[in-house]
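Participant: Please arrange chain B on chain A, whose structure you already have, making use of the hints.
Now for the letters of each chain:
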Amino acid sequence: MQEQQTGEDDRELFDLWFKGDPRGFSGLYDKYKNRVFGFLVRMTNDREVAEDLLQETFLAALRNADQFDRTRNLLSWLFGIAHKRTIDYFRHAKVETDHKQDAEGAIGSRIEAPDQQLSDENLRKIINAAVEELDPQQKEVFLLRELGGVPFKEIAEIMNCPINTALGRMRLALKNIRKELKKRGIDGVQ
Amino acid sequence: MACNKWEEAGLLYCSSELSEQDTKLYEEHLGQCAECKGEFELYLSEKSSFFTTDILSETPSEKVDTELKRLFTAKKQYTSAGIFSGFVKKTVYSLSFFLLGLAVVGYFVLNIQTAKNQEFTQKAQPVSEVKTLAQKDSASALKDSLKDSAMYFSKNRGNLETNGVYPVDLK
Numbered sequence: 001m002q003e004q005q006t007g008e009d010d011r012e013l014f015d016l017w018f019k020g021d022p023r024g025f026s027g028l029y030d031k032y033k034n035r036v037f038g039f040l041v042r043m044t045n046d047r048e049v050a051e052d053l054l055q056e057t058f059l060a061a062l063r064n065a066d067q068f069d070r071t072r073n074l075l076s077w078l079f080g081i082a083h084k085r086t087i088d089y090f091r092h093a094k095v096e097t098d099h100k101q102d103a104e105g106a107i108g109s110r111i112e113a114p115d116q117q118l119s120d121e122n123l124r125k126i127i128n129a130a131v132e133e134l135d136p137q138q139k140e141v142f143l144l145r146e147l148g149g150v151p152f153k154e155i156a157e158i159m160n161c162p163i164n165t166a167l168g169r170m171r172l173a174l175k176n177i178r179k180e181l182k183k184r185g186i187d188g189v190q
Numbered sequence: 001m002a003c004n005k006w007e008e009a010g011l012l013y014c015s016s017e018l019s020e021q022d023t024k025l026y027e028e029h030l031g032q033c034a035e036c037k038g039e040f041e042l043y044l045s046e047k048s049s050f051f052t053t054d055i056l057s058e059t060p061s062e063k064v065d066t067e068l069k070r071l072f073t074a075k076k077q078y079t080s081a082g083i084f085s086g087f088v089k090k091t092v093y094s095l096s097f098f099l100l101g102l103a104v105v106g107y108f109v110l111n112i113q114t115a116k117n118q119e120f121t122q123k124a125q126p127v128s129e130v131k132t133l134a135q136k137d138s139a140s141a142l143k144d145s146l147k148d149s150a151m152y153f154s155k156n157r158g159n160l161e162t163n164g165v166y167p168v169d170l171k
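Note that the protein sequences, when read in sequence, are chains A and B. Per the working numbering, the first sequence starts with residue 1, numbered consecutively. Per the working numbering, the second sequence starts with residue 1, numbered consecutively.
If you're looking for bench data, these hints aren't it; they were derived computationally from the structure. Ideal Cβ placement from N, Cα and C applies to all residues, glycine included. Accuracy of the hints is not assured; some may be wrong.
Claimed, not checked - So these bits of chain B aren't anywhere near chain A, every CB distance computed over 12 Å:
#1 Ser-16
#2 Leu-25
#3 Gly-31
#4 Gln-32
#5 Thr-73
#6 Ser-94
#7 Phe-98
#8 Leu-99
#9 Leu-100
#10 Leu-102
#11 Val-105
#12 Phe-120
#13 Ser-149
Unchecked claim - Here are a few chain A residues that face chain B, going by a calculated C-beta distance under 7 Å:
#14 Phe-25
#15 Asn-34
#16 Arg-35
#17 Gly-38
#18 Val-49
#19 Leu-54
#20 Gln-55
#21 Asp-69
#22 Arg-124
#23 Ile-127
#24 Glu-146
#25 Phe-152
#26 Met-170
The shape of chain A in the complex, shown without the other chains (with noise of 0.2 Å):
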């Protein structure tokens, strides 16, 4: 209901767009973007560039707005595109290996001890070096059904791969997460 209410606000606001009212780009855009930033953070490790992802995203948003399929979830539609700025980022830059071993030392620096009280900033904290840790497939299904909500079929047609390797690579995402989880002291849910 709650789905159906938002697909609702964000038609409203896509239609504002669509007619040239700087309202209805501006509405989503800040409804959006901190979900979008998210991924693309996790994603590249990288604040700076995940700024450069996010202008890119928005802009290409912006001008393809008439390709958009209004049957679509429009955040789905961002995160798809989102997603293939990361893809064609890591395919120029070549920076994978680097960015692998920037995210470990990063994970290093960012966690805390176990024992210690769990406020919100902490279990963010952890939450986000165990998604840190996954494998970057995995980290992708699990970001685009988690912060976007992108349907598996989606994730599926994204990815370019089946559906049944979407479900397995997130079901894998989870498994790794909560055994993370376990590891940094976090047993089951709180």
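Facilitator: Structure of chain B alone, referenced to chain A:
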């Protein structure tokens, strides 16, 4: 895991991607299978406690935010209506330029044609004058011609006579 239903349909059920019939079947299964129910509840709890937007999302810096908003509001909208009006404008402009070009070229072509016609008329005039002159002098020319013929006959009379030709004295 002894039951593989969670792996087959559990995640699709959570993302509302199962058909109506499969949803009913899986819900029935959840009521019977403790393992699947446990997985389902664990995933839902993780989703609400750990995998939330607050935890997973990030905020871009204010500078980038402002810059992006400025870009987005300044950026021209490429809508189908906009593209159509742009197309009409371009067509009208192109057509106007084409017609203007056509008029200019036509003007020059017509001028050249007129100039040629005038030149032709000017060249044609002496011929008619010659004709007129010829008509005027036709009598004297005939006289000269007859004079020449007479001279010719007088020179060749002997020969013509041997061949049995007797010229008529046109005089």
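Participant: All hints are to be evaluated individually against the structure, with a verdict given for each.
Facilitator: Okay, the hints, checked on the actual structure:
1. Non-interface status of Ser-16/B relative to chain A is broken: a Cβ of that chain comes within 12 Å, the nearest being about 8 Å off.
2. Every Cβ of chain A is farther than 12 Å from the Cβ of Leu-25/B; the closest lies at roughly 17 Å, confirming the non-interface assignment.
3. At roughly 22 Å, the least C-beta separation between Gly-31/B and chain A is larger than 12 Å, which holds for a residue marked as non-interface.
4. Distance check on Gln-32/B: its Cβ is at least 21 Å (rounded) from any Cβ of chain A, clearing the 12 Å threshold; non-interface status holds.
5. The non-interface label for Thr-73/B is inconsistent with chain A: the shortest C-beta to C-beta separation is roughly 4 Å, within 12 Å.
6. Once the 12 Å rule is applied to beta carbons, Ser-94/B is consistent with being away from chain A; the minimum gap is 23 Å.
7. Distance check on Phe-98/B: its Cβ is at least 29 Å (rounded) from any Cβ of chain A, clearing the 12 Å threshold; non-interface status holds.
8. No Cβ of chain A approaches the Cβ of Leu-99/B within 12 Å, the least distance being about 32 Å, so the stated non-interface status holds.
9. Leu-100/B, annotated as away from the interface, keeps every beta carbon of chain A farther than 12 Å; the closest lies near 32 Å.
10. In this structure Leu-102/B is separated from chain A by more than 12 Å, as the shortest Cβ-Cβ distance comes to about 35 Å.
11. Non-interface status of Val-105/B relative to chain A is upheld: no Cβ of that chain comes within 12 Å, the nearest being about 39 Å off.
12. Look at Phe-120/B: its CB is around 61 Å from the nearest CB on chain A, clear of 12 Å, so calling it non-interface holds up.
13. For Ser-149/B, the shortest C-beta to C-beta distance to chain A comes to about 97 Å, beyond the 12 Å cut-off, and the non-interface label holds.
14. Checking Phe-25/A against chain B by beta carbon gives a least distance of about 5 Å; that is within 7 Å, so the hint holds.
15. For Asn-34/A, the suggested interface contact is upheld, since its CB lies about 4 Å from the closest CB of chain B, less than 7 Å.
16. The beta carbon of Arg-35/A comes within 5 Å of a beta carbon in chain B, closer than 7 Å, and the hint placing it at the interface holds.
17. A cut of 7 Å between beta carbons decides the hint on Gly-38/A: the least distance to chain B is about 4 Å, and the hint holds.
18. Checking Val-49/A against chain B: minimum C-beta separation of about 12 Å lies over 7 Å; hint violated.
19. At about 6 Å, the closest approach between the beta carbon of Leu-54/A and any beta carbon in chain B falls short of 7 Å, and the interface hint on this residue holds.
20. This hint holds: Gln-55/A has a C-beta 6 Å from the nearest C-beta of chain B, less than the 7 Å allowed.
21. A hinted interface residue such as Asp-69/A counts as satisfied when its beta carbon comes closer than 7 Å to some beta carbon of chain B; here the least separation is about 14 Å, so the hint is violated.
22. At a threshold of 7 Å, the smallest CB-CB gap from Arg-124/A to chain B is about 5 Å, leaving the interface hint in force.
23. The interface hint given for Ile-127/A is met, as the beta carbon of that residue sits about 5 Å from the closest beta carbon of chain B, less than 7 Å.
24. Taken as an interface hint, Glu-146/A checks out: its beta carbon lies about 4 Å from the nearest beta carbon of chain B, inside 7 Å.
25. The criterion of a C-beta within 7 Å of any C-beta in chain B is met by Phe-152/A, whose closest approach is roughly 6 Å, and the hint holds.
26. Evaluation of the Met-170/A hint against chain B yields a held restraint, the C-beta minimum of about 6 Å falling below 7 Å.
Hint violations for this structure: numbers 1, 5, 18, 21, all remaining hints satisfied.
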